[in-house]
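Join these two chains into a complex; the hints should help.
Take a look at the letters that make up each chain.
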Amino acid sequence: MSTFEFLWQGILVAMQPMNLVYALVGVTLGTAVGVLPGIGPALTVALLLPVTYKLDPGGSLIMFAGIYYGGMYGGSTTSILLNTPGESASIVTALEGNKMARAGRGGPALATAAIGSFVAGLIATLGLAFIAPYIVKLALVFGPREYFALMVLAFVTVSSAFGDSALRGLTALFIGFALAMVGIDQQTGQARLSFGIPDLLDGVEVTTLAVAMFAIGETLYIAAQGNRIAEKVEAVKGSLWMTAEDWARSWKPWLRGTLIGFPIGAMPAGGAEIGTFLSYATEKRLAKNPEEFGHGAIEGVAGPEAANNASAAGTLVPLLTLGLPTTATAAIMLAGFQQYGLQPGPLLFATNPQLVWGLIASLLIANAMLLVLNLPMIGLWVKLLTIPKPWLYAGILLFATLGTIGANPSVFELGMLLAFGLLGYLMRLFGYPIAPAVVGLILGPLAEQQLRRALAISQGDVTTLVMSPIAAGLLIVAAAAFLIPLILRIRGRGQVLSQLAANED
Amino acid sequence: MSEDNTSSATTRRPDWAAFIIAVFLFVVAGVMAWDASHLKTIAQYDRIGPATVPQVVAFGLFCLGVWTVAEAWRGEFPERDRQEVAPVIWIVAGLAGQMLLLRVAGFSIATGILFALTARGFGKRKLWFSLPLGIVLSFVVWAIFSQLLQLTLPAGPLEHLFF
Numbered sequence: 001m002s003t004f005e006f007l008w009q010g011i012l013v014a015m016q017p018m019n020l021v022y023a024l025v026g027v028t029l030g031t032a033v034g035v036l037p038g039i040g041p042a043l044t045v046a047l048l049l050p051v052t053y054k055l056d057p058g059g060s061l062i063m064f065a066g067i068y069y070g071g072m073y074g075g076s077t078t079s080i081l082l083n084t085p086g087e088s089a090s091i092v093t094a095l096e097g098n099k100m101a102r103a104g105r106g107g108p109a110l111a112t113a114a115i116g117s118f119v120a121g122l123i124a125t126l127g128l129a130f131i132a133p134y135i136v137k138l139a140l141v142f143g144p145r146e147y148f149a150l151m152v153l154a155f156v157t158v159s160s161a162f163g164d165s166a167l168r169g170l171t172a173l174f175i176g177f178a179l180a181m182v183g184i185d186q187q188t189g190q191a192r193l194s195f196g197i198p199d200l201l202d203g204v205e206v207t208t209l210a211v212a213m214f215a216i217g218e219t220l221y222i223a224a225q226g227n228r229i230a231e232k233v234e235a236v237k238g239s240l241w242m243t244a245e246d247w248a249r250s251w252k253p254w255l256r257g258t259l260i261g262f263p264i265g266a267m268p269a270g271g272a273e274i275g276t277f278l279s280y281a282t283e284k285r286l287a288k289n290p291e292e293f294g295h296g297a298i299e300g301v302a303g304p305e306a307a308n309n310a311s312a313a314g315t316l317v318p319l320l321t322l323g324l325p326t327t328a329t330a331a332i333m334l335a336g337f338q339q340y341g342l343q344p345g346p347l348l349f350a351t352n353p354q355l356v357w358g359l360i361a362s363l364l365i366a367n368a369m370l371l372v373l374n375l376p377m378i379g380l381w382v383k384l385l386t387i388p389k390p391w392l393y394a395g396i397l398l399f400a401t402l403g404t405i406g407a408n409p410s411v412f413e414l415g416m417l418l419a420f421g422l423l424g425y426l427m428r429l430f431g432y433p434i435a436p437a438v439v440g441l442i443l444g445p446l447a448e449q450q451l452r453r454a455l456a457i458s459q460g461d462v463t464t465l466v467m468s469p470i471a472a473g474l475l476i477v478a479a480a481a482f483l484i485p486l487i488l489r490i491r492g493r494g495q496v497l498s499q500l501a502a503n504e505d
Numbered sequence: 001m002s003e004d005n006t007s008s009a010t011t012r013r014p015d016w017a018a019f020i021i022a023v024f025l026f027v028v029a030g031v032m033a034w035d036a037s038h039l040k041t042i043a044q045y046d047r048i049g050p051a052t053v054p055q056v057v058a059f060g061l062f063c064l065g066v067w068t069v070a071e072a073w074r075g076e077f078p079e080r081d082r083q084e085v086a087p088v089i090w091i092v093a094g095l096a097g098q099m100l101l102l103r104v105a106g107f108s109i110a111t112g113i114l115f116a117l118t119a120r121g122f123g124k125r126k127l128w129f130s131l132p133l134g135i136v137l138s139f140v141v142w143a144i145f146s147q148l149l150q151l152t153l154p155a156g157p158l159e160h161l162f163f
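In the order they appear, the protein sequences are chains A and B.
So the first sequence is residues 1 to 505, counted in full-length UniProt numbering.
So the second sequence is residues 1 to 163, counted in full-length UniProt numbering.
Rather than coming from a laboratory, the hints here were simulated on the basis of the structure.
Note that the coordinates shown come from a computational prediction; the quantities given were computed from them, not determined experimentally.
Do not rely on the hints blindly, as some may be mistaken.
Claimed, not checked - Which stretches of chain A does chain B cover? Using the computed rule of at least three CB atoms under 8 Å from a CB of chain B, they are:
| id | stretch |
| --- | --- |
| 1 | 215-226 |
| 2 | 406-420 |
| 3 | 424-431 |
Built from N, CA and C at the ideal position, the CB exists for glycine as well.
Excised from the complex, chain B in its bound form (with noise of 0.2 Å):
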């Protein structure tokens, strides 16, 4: 057993990318420790206010970046697969387009857009075909939940030209 974590452990190089993730961590706990420091500042009188519990957990933040630093420097994270980058920023595309269009577009355009993006993520490439179908099938569910379920969804041209 011990024979094997050496040898894997002198083959294994640096990771860089976890790297990164601990200085991820570390910007998240001077972050909080900086909040923190700054709720000091209204009256507190005692020793356990607010900034008690962001304080410590940014201490556990910064201990587990120092932590992350010396696995990263083992290389003790595991393997990663070769990820395909073009569907990842097609779906993106498709929530960040319903986030912009959803006030103005309404509910089903919007959402028929993220149908029709993360469906050519996914190697659908008939957008003319994907893009109406979404839209009708977002028309339907905000019909169900807005009509039946009384959920309130933005309504926008489509919605107002039938309800």
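Just chain A, same shape as in the assembly (with noise of 0.2 Å):
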């Protein structure tokens, strides 16, 4: 079958009423959410995905896309009236919107967001969807070296490409990887890292350490800051609709932003960051009047978001065909899918291809549905960011803690979600990153059953991993990706890097 006849099967499963309904569900929750402030999509996901757990697979993952999708349209509504942004993927949103809101161009700058995701939303979904079968059929030719070292690659890209220090990138990875390794060995079956506690024995659960980085070390580390922060909520003042001006002003950002994002996120590459300040930085050098950028120029809003948002679905491409996630969002979408037994990869396009293009499908809808939901509720999304800071973490707490409880009724459990929350505060305060932690956690396992299965094929020949030109090919990228912000650090070039810091997403 062709790509257009497994799309088409995909809009029929997305179609089905009760899967419209989860849609519906996800993209409204993941909206509300995404637009708390301090919430950014890895969060929003990680919080939604106990609301999933009894829910089939099928229905669950089309409602966890939606939470994805939604999550990132809410914040954009928080940069823009918040200068505040709720994920770091909308800090360059932020830069112009809130100028633009301040100035009383609110509207307008929610509506080019808006609909600019949409735009992008829409053909890097579309990209998606026809890029998805050739690295399939790439990824079969894959052996466990090369898997491996993907994943390496993965690493390198996650921890210290960017960011302002790799050695604060590594630590956080391989705290990552220390906790991956704490349970039974999956080949062996022994318990390491366990000291005859039963409850490690299962291992440190991904949504557990996300959400207590995330959610309460966030908290914690907000608290802790006092009443120094003031913010001020900007009211959406004057006209909703764009002008015709800024029709004109917007189209051409909102296509090169996504051609910037998409390839940015579909590459192991890390976050949606990267391709925002590219998009910024495209803009600014492209516009007519490059002095109205820092005061509010449309097109720093345009282009930013349609590069965010398209980045969001370029890093679906390796984690739907390669099992590989690249952020931490990424990264609890794998565990969601685990939790049913589904490993994605280019096996589950096989075997489950109705799964597979549904989601992709119901993407699609998705953002249809979440473009009618912002443009005319707006004035409802706004209120929630009115609400006051006490109750607002209060309540964060407590959906924190409820998705732990209902995956795992423990005392332990809870204590395990303090105990991260606190290490989560503590690298907050001395800027360390938390997704390379996350991604440790998820990927480490993996990588390392890859490496074992490689080493044992070549009977313990460390040589067989540069043996292929493909896994060496890529490690020798990777090394390229360690050293060269290394040196570039060096010589004191570091601040280009640091602006591009991969935190949240």
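Right under this line is the structure:
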């Protein structure tokens, strides 16, 4: 069957009334939670995971996709109206968007963000649908050593290539690895790092770690700042609609942002931030009136927002085709797949095409729903921003613990949640990124499995890892991605990299 | 550029808190290596076994610890803002309270306490208001999630009163 036929089948699956309801619930919850300040898409997905526990896999993944896209939309609203971006990928949107809102042009800023996200989401999801089968074909020739090399590359890009310190990124990654070792070894059945505690035999749950570090760590950090950070929600004044001039200035940045964002998301290169920064820089260079940048230029909202959503769809390419999460959000989505015993990858396309294509098609539907949901109902979402901080964070912790209790109602699990929450707070305090720890926890065991398989095939000969051209090439790229930023930082050119810090998504 | 770097390096002092991080990394590496050596005593016939990767990770953590010491000595960690301790203690107390009371008092009461103490950490002092509010809210959440979405959430006296 061709891609068109598969996609058509997927649309038929996604159009089933129950699946439409799941998608609608997903986008609504995703937007509502994503709008809340301090909550990015990764935490949105982690917090809402328990809602899907008792659904069937298809429905739950469709709801999940809606939550993911909804969280991205919600984040842009937060950063435009409140100068604290809910997610790191929206930092750039806040630069120009918040200035526009202060100048009374919040409506057009929100509109260009929403429509730009829609355009980018549409193109990028179609891109995902058409690229995925090719990567699946490529992945079929991948053996254990190629997979291992690919994961090494992902580890490097997630932890040390971007951000302000390779040391802190790698440390976070290795803490994730260390936690991943806890539990029963999958191949020999021996208990590792469990110290005779039965609760540790199952290992550390990805969702527990993600919720603890993102929700509890963040809450503790915000609380520890006292009342120093003054926040002001900009009211949406004036017309919500974009003028003809706004349209004329927006459509090119939307398309350029999509073109920049999608490939960056699709490569194992980490977060959506990089695309948004590149898009912002591009728009600034191409703008007819660059002096407007920094004072509320609509191009500076349209481009990065499109890039943001395009790379969100892009990250689904390695996730679905290779089972390789390159962002914290994707790592949690992988955990969502695993709770149904599904391992994304080339096999899933062969064994469960209905599910995969239904998911891809439902992304298209979720995207359209979000446009309808966001433009007319923006006033409702803005109200969520005015929830006073004490109630907001009390509520966040209520739902954060709810997820953990729902997954495993044990005192021990809550103890881990508290311990990791404190760890997350300290990491945040000392400038350690969180995402590498989450990615290390979920990808660590998979990398170990591939490594041991590769070495078992070669009977323990380590050189086998570089004997295949694909694996050797990937490892060389990984080494370059590790060393080049290190050299740049030593030579004092690290500022560019720290701007690209992959913090949350 | 390079001038800038040297001048800031000379003014910065060793960062003692960062040394503690290094110690923590050494301890984790040590525990992992110890645990891995413990695994070895069990029959293992090929060179690549369950102990291999933990040993590699332990070695990696050890190297990162050394690197941390170097950066801490040169004071290269980012500067930290002054942290308020009291709110953190309130919230941790809330989480600990929920953890300990969950089995005895059920989801609503335990989570209500977490809710009230978190709000207290953010400056809502009126516990007589926030505690009942938290319990009612948690109860609504409990009802939705355990009855509609069939999640297993521990029930206590309050939940048994209604369901």
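Hints and how they fare:
Only residues whose beta carbon comes within less than 8 Å of a beta carbon in chain B count, and the stretch 215-226 of chain A has 7; three or more means the coverage holds. Residue count for the stretch 406-420 of chain A with a Cβ under 8 Å from a Cβ of chain B: 7. That meets the three needed, and the coverage hint holds. For a cut-off of 8 Å, the count of residues in the stretch 424-431 of chain A with a CB near a CB of chain B stands at 4, and the three-residue condition holds.
In the structure shown, no violation is registered for any of the earlier numbered hints.
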